[in-house]
Amino acid sequence: MPETLLEVKNLKTCFYTEDTVVPAVEDVSFSIARGQSLGVVGESGSGKSVTALSIMRLIPTPPGKITAGEVYFKGDNLMDKSEDEMRQIRGNNISMIFQEPITSLNPVYTVGRQICEAIILHQKLPRREASARALEMLKLVRIPLAEKRMNQYPHQLSGGMNQRVMIAMALSCRPELLIADEPTTALDVTIQAQIIELLKELKQKTGSAVMLITHDLGIIAELAADVLVMYCGRVVEYADVRTIFKKPRHPYTLGLLRSIPDIKGDRKKLYTIRGMVPVPGLHLKGCRFSSRCDEVTEQCLKKEPPLKSIDQTQVRCWKFC
Amino acid sequence: MVNMLDNGCLLDVKNLKVYFPVKGELIPKIVGNVKAVDDVSFDVRSGETLGMVGESGCGKSTIAKAILRLVNAAAGEVFFEGENLLKLNGKRLKAVRKKIQLVFQDPFAALNPRLTIGGALDEVLYIHRLGQSATRKKRAAELMEMVGLTRSYLSRYPHEFSGGQRQRLVIARALAVDPKLIICDEPVSALDVSIQAQIINLLEELQERLQLTYLFISHDLSVVRHICGRVAVMYLGKIVEIAAKDDLFADPRHPYTVALLSAIPICDPDAEVKKILLEGDMPSPVDPPSGCRFHTRCFREQEICSREEPLLKDMGGGHFVACHF
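Protein sequence lines correspond, in order, to chains A and B.
Heads up: the first sequence is residues 1 to 321, going by our numbering.
Heads up: the second sequence is residues 1001 to 1325, going by our numbering.
Honestly, the hints are just simulated from the structure, not real lab data.
It is possible that part of the hints are untrue.
If you anchor each label on the Cβ, the simulated ranges turn out as follows [said to hold, decoys possible]:
#1 A:79 - B:1123: 40 to 46 Å
#2 B:1083 - A:159: 37 to 43 Å
#3 B:1123 - A:83: 49 to 55 Å
#4 A:103 - B:1287: 24 to 30 Å
Using N, Cα and C, we set each Cβ at its ideal position, and we do this for glycine too.
Next comes chain B alone, as it looks inside the complex (with noise of 0.2 Å):
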């Protein structure tokens, strides 16, 4: 791992709350929140693949939109090498975002399909007013070779490309204004395993390479195993379990987590799995459970668990888990 030893916190969420406005049927009026993200807190450090797993729905890409500014909170604190995010504007947010990028899932929509992939690389350097046009394609022709394409690419169009050349293409951007920290929201998961191992792979070796920060966001659990460092689960906007990699896999606490592990295909026709089975789906975030918010669906539930919610606890090593038992 780069940079273990270092660990300088990079990133630090505390409290985020981000809630979208449900309005009534017939009268606009507003009825409720849907508590995407509710009260959530972690740090990302220096150098370190920080791993965010769970469901659909349940808050990860809200969490990477509100980071950036791209959705606003609702409170909280997001501190940026010691700076709040959320309380900037103007210039100083653009600053910071050139340090902030984000790497998105789906490379198809990702890339303006009008635009050339040198345009779109050049105009990322325009905007941040990062050198004149000689020095900016000599950036671009650059950032295409890291990245481990031709520079004689840059003269087509998106949908020459293929997917993995595609994500390729939409990292090279990411990294065009030299950011510290990457957010990649589910940046293999619209990709085959083959070309997604290669993308892998890119990933990593860039990550040595640039000192780079990852946020993993992921709903493959071995993907986020094979690349991050420390994994964060997370269930109807709440984080639940969250620690080293190593703990996470080995010593699953939280029952959420655990049935999580037990649902992934094992890749060997005579693996013995005893597989835990979730009843039925997510509950809908506007109006999540009384206490904790897995309870309805948990294999461990008591009566507790419907009145009182509890709360992230600090099981040593780094370990925390919000469960009662």
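The shape of chain A in the complex, shown without the other chains (with noise of 0.2 Å):
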């Protein structure tokens, strides 16, 4: 077992409005190893995001504040760091990349200068060895005439190019964790396979370990080794790849399986899981999922249930205790 880089725990960050407190994210507790993958699925609002905001220390305050847990990089609390050491961490030691590329970057300058300033600013280096190294850096994404593509700006590039160029900067400071957050949601399915191939095989050259966000789970199966579903801003299940599309136990896991339409299946009727996802800060008494649960008893409407260990998987689930 190789050492542990990231180690989430009992994660809670509430946002604050006016009258009330959302709490987006609660007891969530995970790790990852060094040089391993994690994806995290569910919907949209059920905390992914907020998640990796939150490791990264990006939670704006306020509306929102972490108000409980510990995150542990390699050893350290992130949570009792000062800002400028956090400033330190951030791109140098973990890395992220978001959804959107285009919003990500500085329309005002060359992709070139973007990537050397981050190389500058955390690696210190002087600045012909920095543009030296991003040079590299997208000669590694494999971004076609390189040195051409150095001093373009990102309307220049096209949605794919533009993702490597993130990639490219995500990686320029060999950091030991990366973050990606929807990395090709927003990119067509040949330059989606294009980028998760890259990933792959970045991830084997530069042992970098990946925290990957996304909600489409033929991403995670051939991307990740251990897989947290979260639903509602909790954990439903966490257990590795394999145990998850052959085994699922959770109901919604099993819901989210099952609605897929089946690239080789035939015409039949699509599973659905009923209703939609609540409100969030609507107190929900018992399982946040019981509303939309097939499998709904009287238990699950009056308490909540505890994440529960079986066999190397970790299921929020009446069914199990």
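Using the supplied hints, reconstruct the complex from the two chains, each of which is provided in its own coordinate frame.
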């Protein structure tokens, strides 16, 4: 077992509105080992991105606040770090890729300059060396004519190309952990396949651990070793990828898997999870999935089930308690 | 499948071309054309669902808009029930538009935020002169129930609904005028999987109940495989392959279709897939490659490909492919 790189314990992040407190993420715990990959799945509003931003301490405060929990990165609790220390860690040790590359890049600087900026800031390299490193990174993510692209602006590149630039920038300081928040959602399938292949390859080459946030279970199956399924700010199932796909335990995981139109399958009615994700902040008693669950019992409505471990899987369902 | 036997052709598109002029940077003179849709022909039979797939910028949505005359076609013919839509105008055009309705991708942008749902439905009925105020109200309530919502929602505004509900509302609005053909332009792309499944089921139910015909535009091949009977694959403004669903997925002939199919992530961690990765991006439609438009990214490319443009050839059984090999 390789050493643990990141360990999140009982994370709770709340958002304060004028009259209520909305817990966006509650009691989330997981760990990522060095060089490992963790996939986080769930529908919109399940707290995936908030978890990622909490790890980076990038939750806008106010209205948001991390109210409980610890995040250990290489044994140090990130929650105790000062803002200056955090700034050293972000980009250097942990870096992040966002969904829309075009909104994450600065439109008035060339992409080469933007990558250099990150390298100069974090690695304290002189400009010439930084520029050489930036070029090397662009070649690593297989951007054709990298020398020419260095001097171009984001609007001159396509979506897939911009996402490569983002990945190059994120990896330029050789981080130990890469958090990718929906890295391929805005891209076409053929470009998505290119980016997934690239991430796989880079993970091997650089040895970075990857935390991949997505709502596409297909991408999870290809890239992740462990999977965290989230629903309404809670972890509902946490297991290795094979168990999640072959033997899903939580009714929500099962529902998610069954509602995907099968590319090999034939024409039959799709399974649907009835209803929709409840409004956050609406305080539900009992299991948060109970309003949409097919196997709901009286107990589910009364009390929220604890996260229970059964053969290396963690499930939050009364069925297994 | 509904009406599989009825092979009547509802929509027949012949050699459709849609060009957008490109102006010079300094002098506003037309220097070229974006050939968004270039010589596309296909037909949609009554009662079927024709899928149209391809990457962004390949011209899928432009075809939808050209059929409804929301953009002007440069050339070609579009026959709907034997009438050439591109020649119609005024009253006749309005009458035909009643029979063809459009469902857009983004339900957040498709509804007027300042109009209640009741108002939005009423507007459509009013414009098409469908009944007096009282009948229109009744019809609006009927439509809400048809798409699985309650009539008490009629007085609400779009922001009070979730994405899935809004897509239902957009579908209700499209159904208001009793259309025959509904063009669905990426109707489920903006939705979560669990909601996506609900909308797909709704579309299928409605098709059966109301004898609808769909032209279903999507980039998601697994959704297309689920809902469509026939599928057309587009690349850079051209149809490169068109075939019955089972044929296309079991035996894709065009290298682009092959690559597209292999690019889909499969929900099985043990699946052994040999991926065919396409190099680079789609070329610009302003200046498409010579010969076969796909040859710059093709893994079967040969010398003839950059010289001659392949035509759609019948491979038997309604399977058409535009490739030299």
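Cross-check of the supplied hints:
| no. | hint | verdict |
| --- | --- | --- |
| 1 | A:79 - B:1123: 40 to 46 Å | violated, 53 Å |
| 2 | B:1083 - A:159: 37 to 43 Å | holds, 40 Å |
| 3 | B:1123 - A:83: 49 to 55 Å | holds, 53 Å |
| 4 | A:103 - B:1287: 24 to 30 Å | holds, 28 Å |
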